[in-house]
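All chains, please: the whole structure from these sequences, using the hints.
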Amino acid sequence: GAVVSQHPSWVICKSGTSVKIECRSLDFQATTMFWYRQFPKQSLMLMATSNEGSKATYEQGVEKDKFLINHASLTLSTLTVTSAHPEDSSFYICSAPSTGGPGELFFGEGSRLTVL
Amino acid sequence: KNQVEQSPQSLIILEGKNCTLQCNYTVSPFSNLRWYKQDTGRGPVSLTIMTFSENTKSNGRYTATLDADTKQSSLHITASQLSDSASYICVVSPKTSYDKVIFGPGTSLSVIP
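So the protein lines, in turn, are chains A and Y.
This note's numbering numbers the first residue of the first sequence as 208 and each following residue consecutively.
This note's numbering numbers the first residue of the second sequence as 60 and each following residue consecutively.
Chain Y is faced by these chain A residues, among others (derived, beta-carbon under 10 Å):
1. K248
2. I300
3. F313
4. F314
5. R319
Calculated directly from the structure, the hints in this document are not laboratory data.
All residues carry an ideal CB built from backbone N, CA and C; glycine is no exception.
Encoded structure:
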């Protein structure tokens with residue numbers, strides 16, 4: 208089946224630095240990818256929709272300047288957490304819809320961000 | 060408002076026992092319903108997907124049912140194993156926006172020896 212890969216799996220950074228998380232579709236092209244944030248014991252919360260060749264669409268309440276999204280190619284989307292603070296510590300997951308049918312979503316393995 | 064609810068919030072069962080997780084949704088119109096398994100610290104993995112015309116779908120020890128009239132779905136796990144310990148998430152796709160799926164809060168299952 209389709210595979211979506213995320214990197215890094217976990218990252219620890221100092222407050223004020225920026226962190227980039229990559230999401231790749233390994234065996235299919237994805238013009239759209241989704242970025243989620245998940246807090247402990249809670250479900251996934253959609254942050255933004257990444258669109259290849261155009262600007263990302265952010266959900267209400269998500270800071271565009273804090274969470275920069277770039278969809279540089281049909282297989283790669285990146286999420287950059289800028290000037291990270293401890294409250295940005297979370298589990299970030301990406302997904303990509305496959306061509307297999309409506310609602311077919313494949314998720315990455317997730318990236319655990321800890322900001323000290 | 061489109062919503063997905065799941066019950067129970069958490070469940071503990073003995074290894075080898077069966078269990079059933081519930082999902083109720085108010086999404087309309089409806090395209091499909093998926094059950095995902097999410098291990099701690101990992102991304103969700105798809106277990107089953109059903110369209111409105113399907114009543115049941117099996118994947119090994121996992122069997123999902125769907126009643127589109129009552130807008131209810133269940134996930135039955137047979138002969139549970141320790142590796143079944145995870146969060147199980149019900150995800151519904153609205154017909155109007157296939158990719159903007161709606162996530163349930165999940166059921167945390169713990170299988171103990």
